[in-house]
Structure formats: C-alpha cells, structure tokens
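K.L.:
Line by line, the protein sequences are chains A and X.
Okay, so the first sequence: first residue is 1 according to the numbering used here, each after it adds one.
Okay, so the second sequence: first residue is 1001 according to the numbering used here, each after it adds one.
Among the hints, erroneous ones may be present.
Label pairs and their in silico Cβ distance ranges [stated by the list, open to error]:
| id | chain 1 | residue 1 | chain 2 | residue 2 | range |
| --- | --- | --- | --- | --- | --- |
| 1 | A | 322 | X | 1218 | 51 to 59 Å |
| 2 | A | 128 | X | 1277 | 33 to 41 Å |
| 3 | A | 154 | X | 1343 | 36 to 44 Å |
| 4 | X | 1277 | A | 297 | 36 to 44 Å |
| 5 | A | 302 | X | 1302 | 47 to 55 Å |
| 6 | A | 303 | X | 1395 | 49 to 57 Å |
If you want the footprint, here are the derived chain A segments under chain X, 3+ residues with CB under 8 Å [said to hold, decoys possible]:
| id | segment |
| --- | --- |
| 7 | 131–145 |
| 8 | 149–163 |
| 9 | 214–227 |
| 10 | 277–284 |
| 11 | 291–302 |
Hints are computed from structural coordinates only; laboratory data are not their basis.
In this text, a Cβ means the ideal position worked out from N, Cα and C, and glycines have one as well.
The primary structure of each chain is shown beneath.
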Amino acid sequence: MLNPSFWTLLRSPVPWIVLAVAVSAPLWMSPFYMSIAILTLFYVGFAMAWNIVGGISGLLSLGHSIFVGTGAILTSALFLNLGINMWLGVVIACVISALVGAVISWLDYRFRLGHLSFALITLAFAEVFLLVVLGTDFLGGASGLILPNDTGNFLQFEFGGGRGYFYLSLSLAVFALLVNLLIINSPLGYFLRCIRDNEDAAQAIGIDLLRCKMVSMAISGALSALVGAAYGRYMVFIDPYLFAGLNLTIEVVLVATIGGLGTPFGPLVATLLLIPFGEVIRGHLGGVLPGLHTFIYGALIVIVILAMPRGLVPTAQDWWQRRRRRGEAAQEKPELQRGLKPPTPMED
Amino acid sequence: MAREVTRRTVIAGMTALAGTTLAAPAVRAQSKIVKVGMINPVSGHAAAFAQEIVPMLEFMFEKINKAGGIKSLGGAQIQLVAADDASQAGRAANEARRLISQENVSIIVGTFLSDVIAAVAPVLDQAKVPAVSVSGGGARGSYFYTLGLTYDRGYAETSVNFLNELVNKHKLPLKKILMVYANYEGGQQVNKYLLSRLKEFDHYEVIGEVPLDMQAQDYTSAMVRIRSMAPDAIMGAVLTRGGTLLQQARYSLNFNDAIFIGNASGYSDPALWKNLGEEIAQATLTRNLFSLTTFSKDLKLKSLQDLLAEIQATGRFNHAIGQNTQNAAQAARVVQHVLEIAGSTDPQEVNAAFSKLSIKAGDPDFYYARPGGLEFGADHLPKDISAMFTRWLPDHSQQVVYPSDFAEGAPPAKT
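Here chain X stands alone, though its shape is the one from the complex:
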C-alpha cells in the first residue's frame, strides 16, 4: 500500500535534511583527531615522576584543544592515549609498540628516563614514530627528542661554570672538591661528566668520591666520611629522598664547612622543606647550598608566571610544581608546534617538523629562562640547554643566583 505524503511528513523530512546539513561541519570537525601517545611510570618506583608530569600534560593538551586544537589540521583535537610503563624499561618498549601498532599515534610524549629511552629507541626507529622525553638525560636513535637536562651540557657544564664564577668572580676559596652523588644511573653519569669537566681546570683538586646507597635509611656514616675529607665544595646529583637524608645527616653532625653545589631534585625539590621539617630545612637548605634547576616559581618570566597562575586557578595540582612539571608543559607545546608545522598526522612528517621547530625566548609558549629559545640540534637535544643555580631563602622561595642574565641576587659568602 502506497503511503500518503502529508504536510507533516514533508516538514519532518525537510527538518531532518536541514539538521543533517547543518550538523555535517560539526561532525567533520569532531572527526578530526590527532592521536598522541603518553607513556609514564604511573606505577612502580618512578611513579613520583608521573604524579608531577601526567596532570600537567593533560592540562596542557586540554588547553590546546580549547584554544582551537591544531590549526594547520583544521582545528584537529588532540586525543591523548595514556599508557603505564610500570617504571620498567622493557614494559615501556611494549607500550610503545601498542600505541604505535594498535592506536596509530602520530607522536609519543612521556617521562622517558634515560633507561627507558634506551629501551624504547629501537622500537621508535623501527616504526619511524617520534617521541618527546620530558625528563630523559639524553636522546638516542633517530626519533627521540628530549627536554630533560643532559648529563654533560645540562648538568656538568653548568655546574662547573657556576663553580668557576664562585671562585673567580666572588672569590670564594674553593679548591678541594668532593663528589657526592646518588649511586644510580643518573648520579653516576653526571659524576662522570663532572669529573671530566673539572679536570680541565688545574685549580681544582678532586679529593674523592662518595656514592650514596639508594637503599640506605640514613646517611650519617656517609656524612662522617664526607666531613673527614674536609672538602671545600661538594658536587653531584642526588634525588629527593637522598637529599633529605643527606641534609638530615648534615644537621645531626652540624657540618657547615663546605659549599654544596647540587644537581637534581635532591637539592631543588620544594618537597625537601616538608620532608626535612622547618627547623632542619632552615638550618641546612638556606646555608651554603646551591641547586641547579631550570625552574623557580619566583623566576621573573612572564610566560611561566602566567602558566603558574593559570594552573593555580584550576586547583587540580596536588603535587608541588617543579622542574618536571615545567618540562611537561614545554613538551606539550613542542608537540603542538611540530604538529602545526607538519600539518599532517603522518609520524614521519611530524618527525621532520622537529628540525624546523623554533620557539624564541619571550614567546608565550616558551617556559624556560634560556636566551637561545628552543630549537633541536642534530643530536636531538635543545641547542640551548643551560640551567640556573638558585639558593633557598628562609620563606621557602628560590632566588636565582646564576646566570647573571636572570640572577636576582649574588651568591652569599660561605657562612
């Protein structure tokens, strides 16, 4: 039986047609998605990194999406595909394979500590998919890029330059240097490069090395040994837990005869104040101690201050904001910029875009105090990878004392 065409049917049909036509661009816009893989140690011994990095990456990609997504791809929205490497390098390689082969991501971003980079690099080389490391101390292969401070140019060179400035410009009598470092991969590597850099100057005498046991519950015996060697300066990379134990031991033995020129979170993590307690922190952190970092919440850098104000307003960040969070924000911007330059979701074109990436100092998307801005060199590391030295003030803030371009005060004389 033929169905009768009524006025109601015509109106319904026209409405449906108009709705479909009007909705089409929206549907098309929604379908434009760039998949970005995100691998972090959400569980396992390195989970503290993920606690700092993951919320910032998520926040930044949301922010980028809200601001119109990737414009060269017609406003494509970034879709994060998260993975947990369980703090194991081998697991990270498996997750990279999954993201590449199952999820078809265009680029991967994540914590990627140095051991993880070594394990994942062959996977990326084989699949030809680029990745950005937030905290790795080096890049490997043809598809890895890192924003973390590298052991040599990032940590060792900056530390020795600062030491030279203390000796030459501020006339501090620092000659006998003792290497004190956490006995893990990063600590050993930084120590190796520090020794190599110090050898270039006849003025310094390396009087010994004290590798700190990562499993130890107390560093008093290590501090007794340090004190017995009577160093003028102590240098090396220590992580937050090690830094806490070291300063506790220093406080117990009332050892204030040397200057600490420290690398890594064991000297610069704001959590040290909480871990040590007010009394010990005031007596140790603010006295004869300088920490290398790329981050200071008091740094007078507009882009960074705007970002800090923005994330403070969200109330989403439970963890103290530090260098890793700053790197994560920058990594998200790097992903955004290379996707914009590539104008494609093809991983090889995204990889090629890294060589064209250039974010100038002063750009609102650049969060470091580096005059050279951000460009990647042939070694896949930022060309300007300099860092700052800060000292803790009694109000828990950090004052930049080096380099002079960003310094807010001179290093105080030894007390």
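Okay, chain A solo, but in the shape it has when bound:
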C-alpha cells in the first residue's frame, strides 16, 4: 500500500505546473538550449535509476555503465547486425540488465559484501564489461556503432529530431521519477531504507534481504538500460567509451550525491542544476582558456559539498522546516503572551 503523501504530492498543483512549463519548452527554446535540455533529462533518468540502488538501498554501485551500455550498445548491435527491431532490442536489453543486476545483488548477499566491497566489485564488473565491448566486433569494438540517421519512423525507435527527443527524454525522466516515488512510498521502499540503515537489524525483523536487493537492482538496471537505449538513439553514434565507460556513472553518482541521496528530488534537482550549468559554462568559456570551465565546475562542486554535506535538497528541506518552525513560533508567541496577560479590571 502506498504512503498517502504520494497521492498528496500528485494532487498538488506544483508538479503539474512544472510539467506544463516543461512540455511547452520546445516552443520557445533554441536548438542549443534544447539539446542541453535533452541531455539534462536523460541524465535525470540515469540519476533516478541509480538512486534506486545508490540512494534508497544504500548500495554504492559504480557499475551502472553495464546497464546503460547494454541498453545503448546491445540494442544498436542487435539492430545493425541482425536486423532486430530496436523496440524489441530495448526489451531484450532491459531483461538482460535486470538479470545482471539481480546476479550482482545475489553476489552481494551471498558474500555479505560491505559498502566498499560492493563499490569495488561493481567497478570491476564495469571495467570487464568495457573490455568485452572493446574487444567484441559484434558490439562495435573500440570503433563503436553508427545508427542510421533518424527519419522519424516511430516503429523503428526513431523520434524525429530535437522536439521528439525532448518529449522522449522528458517522458523517461518523469517515468523514472514516478518509479522512485512509488518505491519510496511502498513497503519495498521501507524495507530498502531499513536495509540501508542497518542490514542486520532488517534481517532480524524478517525482511527478505536477497529479494529486496535483487528487486531494487533489477528495476534500477532495467531503467538504466531503457534510458541508455533512448540516449544512444539520440546520439546516433554509439561511443563505447561514453556508454560503457566509467565517466557517465561517475557523473551520475556525483549529481545524485550533491543533490542528496535517498530522496528522489535530490538527484532530480542536482541534475537539473549541474548538467545545464556545466554545459553552458563550457559553451561560453570552453574556448577562452583551456580547462577554465572544468575548474569553475569543480570548485563549485567542492563548495557545495563543503557547505551542504547532506546534499542540496536535504539542506534546503532543513532550512525550510526551521523557517516554518520559527514562523509558527512567532505566531504562537503573541497568542501565548495574550493568554498569559493578567486580566484587566474591565474583564473581571
């Protein structure tokens, strides 16, 4: 059964206003800003998918490139080498990613890996995956794969240029956010947070660790593969180092951590701020001084981490609650003072 706050959120006008503004974006955005918006929304999808494992379950996965890569590379390879329709390829990639995710979770459960060991094991899997991709001709090897140009044929997993990919990436981002909210507000979410906070205690009260971890990793893997396949189709060129390399995972972990782990809105807000910021400063400063944009971006991240160690959203929530409490206290004070005021002779 879902937490009632989930329905309260959906009844609130705020998400619908945000969504309405987002939907109208292609009408007023230039192609450059549109491409930044598309990239950002794909990263929202990746961050949300990672958050299920890294944020809600507390498993620091550095191997999500396996799922993203499976989505982009396998789907494209099946289409280019065997002529398999990309929609079917996406389903195959999602199923394989879910299974691989479940196997990794099983390993975690079976060998009782700690957080650090889990991170290192997933990192090792990611490296092996990259080497397999680079050495396999069917998957394009180091040369990558090049999809045919998009002609807008929806049945062939084509979405027809910037506007189509904007709506695709927006749909995927909203879908990934909903999946996060559904998990967090469902019994699975409670179990996962319990496991994250104290695994032994969670097992002692009867939570099925293996099942919960496998389900969360499978959902996260399948979602990552789905977004990866869409991102690959948008890019046309399936660069093995981009999709199967570690950089994308690190970027996703970084934005999710800066936003605040465990909350769906942390990764969302951080991605919506950091990815466009990085793109815009590179666009405007990239040609001025080599590395200046990277320096500014890095310095800002360090400042945010130092000033808000829990992340942007939890810090903002704390600030808001403190402010509200102060406001309530300020309102209560005169009432209290009125209540304590000695009665006047007239009142007598």
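Take the given structure of chain A and dock chain X to it, following the hints.
P.N.:
Frame of chain A, contents of chain X only:
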C-alpha cells in the same frame, strides 16, 4: 531660447560631419565579418590534438585577416568562435548546435576525430552547415569534409604499397607480417583495412595480431609475444604513448629482427625522441623503422618551408610541429578558399563551393607533398590522399624514402 549659431559651432559641426563621412567606409569594413566556428578537444583525453591544432588555426586565420581577409566578400575579416568539446563526441554535437544556432557561423573547422565526426554529422546535415575536419579518418553525411588520412586509402593502401616496394624494388625478404596496433577505434580500423589490402597479395602471410592495451604501462609482455612469433615485418597504427612504450620494450629485449612499418604518431611524432631519451631513441627509431606521415620538417616543399620559417619567427608554438599542425594550416586555407569561391556567408553556398575547390600542387597555399593537389571528391575526401614514408636519422631529422617523387634516399637494408 534660440541658440546662437557661432563660427565655433559651424566648425565643430563641419568637423563632425567630415569625420563621420570619412569614417564610414572604415566602419563598413569593420562590420564585414565571417564567423567561423572552431571545435577542438581543448580539455579531456584528446587535448594533445588541440595543443597542436588550435595555435596553428589561430595563426593562419590571423595571417589571412592581415592579408586582406576574404576578398570576394569585400575584405571581410574571419572571426573565430572557439568551442571545447571536452574530448567527448556528444559534447561536440552540442557545441556544433551552439555555434550554428547561437553564433550563426558559416562553416566549422576543428580536430573532429572519427567518433566526433559520427556524432556531429547528423547535426550538420540537419542545419546544413559545412565543417572541415583536421584529423578525422573519414567523412560522414553531406556537410563534412576531412583532411585527415583515411584508414583505407590514406593509411592501409600507402603502407601496403610501400611494403611492396621494399619487397619488389629493394628485394627485402618480407613475408611473415604481424599486425601490431593500438586497440582503439583508429588502430582497429587501420588494421581492418591493412588485412584486407594484404590479402590481395599471395606473397604475404599474416601470422597474427597483437592489439596493444591503451591503458597498459609497459609493453614488454606484448614485445615478448611479438618476438616469439618471429615476424619479418610489423604493421599497424600506434599513437605516441603506445609508440614510446613499444620502442622501450623493443630496446629492453634488444629485438631487431623485424622491420616496423608504422602508421600514426606512434612512429612519426618528433616527441618520441624526448619521450624515449637519446640512447633508446637512437637505438630504436633509427633502426629498421619506417613511419607513414604527410609531414616532414625536412621535406623540400617551398610552401611548407616558408610556413615553417614564418611560424618559427613568431615563437608562439611551444609544441613540436607535426602532421596535425600541417593539416590545421591546410584546413585554414581550405576555409579561406571556399569562402572566396562562395562569395557569401550563407552556409549552403559555402558548402557548394567545396565541389569547385582546386588548389594545385606547387600553390603557396598547398602544404602537402601530393602531386594531385587538393580537390574534394564525391566522398568528401581529398582525391589525392597519398602519404609518405620516412625514416629517422640520427640527427632527429626525417628522410623521405617513399614515394620516389619526393624520396631523398632509399630505404636502408635491414640491420
């Protein structure tokens, strides 16, 4: 109250009028600008390319502007709008969108390695804006043109032709060929085409392939494997870092039984001398090693020597001048010539001008040792894309040994 008109007011007014009239042509001339986008991997793993290419592009466009700009556009000055793709293909596509939609550039020039070309080509096709790649190994789409050596005609065909010359003309007993290449996109592609070209000749036997791990810190184990296969010749594309590790391993194992017929910077980059150190470089680079390149600073080509003298006089170039710098200079000239032919800043007209571009061999704006000059074919590649083979001399200079048109000496017998 009416203001009194004095002599001083009249003189001031006349001076202002005369100044405005005289200044008008200058203002008009200043306003004539052609925006040229420039995308390079200024940061990230491919930044070494930008270090070579960006200073040369900037230098060349300054030179063109000083020489009167684009004459068919009334002396319009070229304004470079620089962008950094952070060595990521996806980022390059975004930067191309920015340059086209925000900056309204007429043409884009840049490093554009093959993966970047693949990612940017759909953007150019959609916006109908042409681009010139300095180092890409192939062209894609309807608006990309490349000056880089292509994997097949540029690297593979020239290498196999040189091998044939060593066997047939110089009578070197080369039969067993081992493919040794950097395991990245360019290395794999060149290897694929080399294998295909070698298959055309029954004389050669490909005895194996040794892809070199790009992340490895040492190639001794790879060299042990190479030595165990006892090849007559080793062929393949290796980048500068890989070339350094390979020759270090060769020196350590004292392996001199095969001839290296190498492609890419791993054999031809002058930085190899610095990376290897004098002793190892003298023992390896100058012995049984030939490198494919389009550039040799000792090449007897007047246009290139004039350019080298000019850039040396500026003292601005900290990086060693090599093939990428040469390509960058040529790319700037291509941009200048197509803008001259188009006589317009409209990207579609600039694109159409590529089919009319013709820079003859011997032209001061042509910097390659290619008898066919520079014209782009229907595949958007130069029609004459031949390269040279050089060998290193003990004084760090390169001697052209192939093709015979430009050769300064014959390849020495195996030592």
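K.L.:
Please go over all the hints and tell whether each is borne out by the structure.
P.N.:
Structure-based check of each hint:
no. : hint                         : verdict
1   : A:322 <-> X:1218: 51 to 59 Å : 57 Å, holds
2   : A:128 <-> X:1277: 33 to 41 Å : 36 Å, holds
3   : A:154 <-> X:1343: 36 to 44 Å : 43 Å, holds
4   : X:1277 <-> A:297: 36 to 44 Å : 38 Å, holds
5   : A:302 <-> X:1302: 47 to 55 Å : 54 Å, holds
6   : A:303 <-> X:1395: 49 to 57 Å : 53 Å, holds
7   : 131–145                      : holds (count 6)
8   : 149–163                      : holds (count 3)
9   : 214–227                      : violated (count 0)
10  : 277–284                      : holds (count 3)
11  : 291–302                      : holds (count 3)
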